[in-house]
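Enquirer: Sequence:
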Amino acid sequence: MAGGEKKAVPRPGPAAGERYLPGDPIPAPEAVEGNSDSVWDLWHRTQQAQEAGYAETAPAPVIPSESSDPYAPTAPARLTRREAERVRPPAPKPPTINDAMLEVRRNNRVCPSPARWQQLYEMLPNRTESRPTPPLVGPSWQATPSLSKRMCLREHLAWAETHESLPQVLDFLKQLPEEEWHHMGD
Numbered sequence: 017m018a019g020g021e022k023k024a025v026p027r028p029g030p031a032a033g034e035r036y037l038p039g040d041p042i043p044a045p046e047a048v049e050g051n052s053d054s055v056w057d058l059w060h061r062t063q064q065a066q067e068a069g070y071a072e073t074a075p076a077p078v079i080p081s082e083s084s085d086p087y088a089p090t091a092p093a094r095l096t097r098r099e100a101e102r103v104r105p106p107a108p109k110p111p112t113i114n115d116a117m118l119e120v121r122r123n124n125r126v127c128p129s130p131a132r133w134q135q136l137y138e139m140l141p142n143r144t145e146s147r148p149t150p151p152l153v154g155p156s157w158q159a160t161p162s163l164s165k166r167m168c169l170r171e172h173l174a175w176a177e178t179h180e181s182l183p184q185v186l187d188f189l190k191q192l193p194e195e196e197w198h199h200m201g202d
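Going by our numbering, the sequence shown opens with residue 17, and the numbers climb by one from there.
Misleading hints may appear alongside valid ones.
[As the list claims (entries may be wrong)] Computed Cβ-Cβ distance ranges for the label pairs, DEER-style:
| no. | residue 1 | residue 2 | range |
| --- | --- | --- | --- |
| 1 | M200 | R147 | 23 to 29 Å |
| 2 | S81 | V55 | 50 to 56 Å |
| 3 | D115 | Y87 | 52 to 58 Å |
| 4 | M200 | A107 | 34 to 40 Å |
| 5 | K190 | P141 | 15 to 21 Å |
| 6 | K109 | P141 | 53 to 59 Å |
| 7 | E138 | D202 | 20 to 26 Å |
No wet-lab data here; the hints were simulated from the structure.
Backbone N, C-alpha and C define an ideal beta-carbon position, used for all residues, glycine too.
Throw the hints in and build the complete structure from the sequences for me.
Expert: Structure (structure tokens):
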């Protein structure tokens, strides 16, 4: 080696239980092949031991005669009557915010017109000056995009659902004529 360069000596492999570091030699198992005849003999004995656990398929010991019944005796099951008063239709579920949003989005609607939206807002119980957000009216109506208007309406519907007045609010929305709605692209 010229110039006093020393060759890096690899570190011995880590002891059992230690972590390997980059550059450590990783041990590999050594395959030692013995006498190939003895290996094949061992393989055949192992294979035969596996198959010895299963007996050969044999026919059934007793053949049923044609005069005997091949089926076990059974008792007939009783039939039950389903009486009309016992089978009731399920009770109607209260509407959810998903039901309300489905009604709102029908025909590409965004929200009610400002005057009708104000009526809806006044139907909401337990509201304060800031909660829920007041409806968009006046200059804010013109400056707000359609999706933001829809999100504000969704907030009102969530408020109604939380305060258990969503059925009344949804009935109000359903009775609005189509011209009382703001649509996408308006």
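Enquirer: For each hint given before, does the structure comply? Return the numbers of the non-compliant ones in rising order.
Expert: 6
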